[in-house]
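*Asks:* Quick mapping for you: the protein sequence lines, in order, are chains A and B.
Heads up: the first sequence at position 105 corresponds to 104 in numbering that gives the first Met the number 0, and the numbers run straight through without jumps.
Heads up: the second sequence at position 41 corresponds to 40 in numbering that gives the first Met the number 0, and the numbers run straight through without jumps.
What the hints contain is simulated information worked out from the structure, not anything from laboratory work.
Owing to the predicted nature of the structure, the values given are computational and were not obtained by experimental measurement.
Mixed in with the good hints there might be a few duds.
Because identical chains cannot be distinguished in the list, a pair is counted as satisfied if it fits within a single copy or across any two copies.
Mimicking DSS-like on lysine-lysine, the simulated pairs with C-alpha atoms at most 25 angstroms apart in a straight line are [as the list claims (entries may be wrong)]:
{"id": "1", "residue 1": "K10", "residue 2": "K46"}
{"id": "2", "residue 1": "K187", "residue 2": "K225"}
{"id": "3", "residue 1": "K47", "residue 2": "K225"}
{"id": "4", "residue 1": "K202", "residue 2": "K10"}
{"id": "5", "residue 1": "K81", "residue 2": "K198"}
{"id": "6", "residue 1": "K47", "residue 2": "K202"}
{"id": "7", "residue 1": "K10", "residue 2": "K224"}
There are 2 protein chains.
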Amino acid sequence: MRVSIRKYSDKPLSDSLLNDLLEKSFRASNTGNMQTYSVIVTRSEEKKKALAPFHFNQPMICGAPVVLTFCADFYRFSQWCKARNAEPCYNNFLSFISATIDTTIVAQTFAMLAEEAGLGICYLGTTNYMASEISEVLQLPELVVPITTITVGYPAETPEPTDRLPASGLIHQETYKEVDIDALYAPKEALPEMKQFVKDNNKETLAQVFTDIRYNKTNNEAFSKKLWEALKQQGFVK
Amino acid sequence: MRVSIRKYSDKPLSDSLLNDLLEKSFRASNTGNMQTYSVIVTRSEEKKKALAPFHFNQPMICGAPVVLTFCADFYRFSQWCKARNAEPCYNNFLSFISATIDTTIVAQTFAMLAEEAGLGICYLGTTNYMASEISEVLQLPELVVPITTITVGYPAETPEPTDRLPASGLIHQETYKEVDIDALYAPKEALPEMKQFVKDNNKETLAQVFTDIRYNKTNNEAFSKKLWEALKQQGFVK
Chain A
0 MRVSIRKYSD
10 KPLSDSLLND
20 LLEKSFRASN
30 TGNMQTYSVI
40 VTRSEEKKKA
50 LAPFHFNQPM
60 ICGAPVVLTF
70 CADFYRFSQW
80 CKARNAEPCY
90 NNFLSFISAT
100 IDTTIVAQTF
110 AMLAEEAGLG
120 ICYLGTTNYM
130 ASEISEVLQL
140 PELVVPITTI
150 TVGYPAETPE
160 PTDRLPASGL
170 IHQETYKEVD
180 IDALYAPKEA
190 LPEMKQFVKD
200 NNKETLAQVF
210 TDIRYNKTNN
220 EAFSKKLWEA
230 LKQQGFVK
Chain B
0 MRVSIRKYSD
10 KPLSDSLLND
20 LLEKSFRASN
30 TGNMQTYSVI
40 VTRSEEKKKA
50 LAPFHFNQPM
60 ICGAPVVLTF
70 CADFYRFSQW
80 CKARNAEPCY
90 NNFLSFISAT
100 IDTTIVAQTF
110 AMLAEEAGLG
120 ICYLGTTNYM
130 ASEISEVLQL
140 PELVVPITTI
150 TVGYPAETPE
160 PTDRLPASGL
170 IHQETYKEVD
180 IDALYAPKEA
190 LPEMKQFVKD
200 NNKETLAQVF
210 TDIRYNKTNN
220 EAFSKKLWEA
230 LKQQGFVK
């Protein structure tokens, strides 16, 4: 069963393997075959150190041989249009969402192919929080926005898989149905590590750890505004 | 080499295989292990017919044994919070983007596992155009938005793989670099089917087929507004 890998061995990840995996992931489905994505490869200590604070100094950034920033990219396609007597029209929200989905599809294809090749990966969701700062570090032009980041390398740990909700609660037949929340979340809430997590955070319930601490209203609203500003800065919205 | 499948055989796709593949795809990485996604399974002729016009009557909807609508879902998580004396705070843009990425990761994991199991899949990008109408057909509650749709079944065709840009143009070392647009797009533009495509559409260049017809400014701007209204309707943004 797959797990995220946050500690990497010293074994180097060759450019040829990396490029081969990336090229294969570009075979994934995409909208109109426009391939509206780019991948920025970070190997240098200098750039890792520059990125680290914008990923809240998660140790995977400096600990992994390679950091990949998967970006929604309508810049290249627009440059092609301009060079071919065509007027690009991709500075809008729909194009951003479409490129975001296609970028994520490539990222996950890469993740699965990398795991199949014996590598370990970890996603960094912090990319959406700090899109503007990351864009500056990576010198992204207009219509390019970082969507997600994957650290990759050979694993130096074998963590236990984390829990998942019973799949039946996430699959709906024909129309969306209300689920039995108590039954669905009871197994997760009963896990010793979750009980400890509630205790460590001085909360009454596990849900409060999320709403009051990990993904709280103040941060969510501030980072929503910040992400929107990043989309403006990169020219996707007005 | 993988290809999208748009024609499906009569061989039925069992619930047990489908549920097994979905359950496995829920193992994919996700933000804070909140699992902010749901999958709506459409098998009934009635619901396929109801969905079809909102996917511009693409024949895969009624031709596939199963249509899967992958939805960003902060409703279930919010219901859990409310039931646990916690105040959910996920009606914002950041949460929408985070759930969109996690939903897409699950969709692509499913796609790859399905292909490995001998099934064929096709993505429908129309989901983002008609999110509001699709939400009504599938009876999605607040904080649930359809992100992408996959049709799935056993293949009844073996199409040729479509072209891709040279991978080197999509991979940037350390920082984003300008690429040689002419060199990058020349192989695509030289394909006989692309030349025919330009001719059939009475255009001068392939790029014009995209900007003037397939993904044009009028549609992109209208559907951007419509998608934003759908996010409002589902309560993700104000």
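*Asks:* Indicate, hint by hint, whether the structure satisfies it.
*Replies:* Consistency of the hints with the structure:
1. Taking the shortest Cα distances, K10 and K46 sit within 25 angstroms of each other inside one copy (20 angstroms), while across copies they are farther apart (52 angstroms).
2. When the C-alpha separation of K187 and K225 is checked against a cutoff of 25 angstroms, the pair qualifies neither within a copy, at 32 angstroms, nor between copies, at 38 angstroms.
3. In this homomeric assembly, K47 and K225 come within 25 angstroms of each other (Cα to Cα) only inside a single copy, at 22 angstroms, whereas the closest approach across copies is 39 angstroms.
4. With identical chains, the CA atoms of K202 and K10 are never at most 25 angstroms apart, being 42 angstroms at best within one copy and 52 angstroms at best between copies.
5. Proximity of K81 and K198 under a CA criterion of 25 angstroms is satisfied inter-copy only: 20 angstroms between copies versus 58 angstroms inside one chain copy.
6. Taking the shortest Cα distances, K47 and K202 never come within 25 angstroms of each other, neither inside one copy (35 angstroms) nor across copies (46 angstroms).
7. With identical chains, the CA atoms of K10 and K224 are never at most 25 angstroms apart, being 40 angstroms at best within one copy and 49 angstroms at best between copies.
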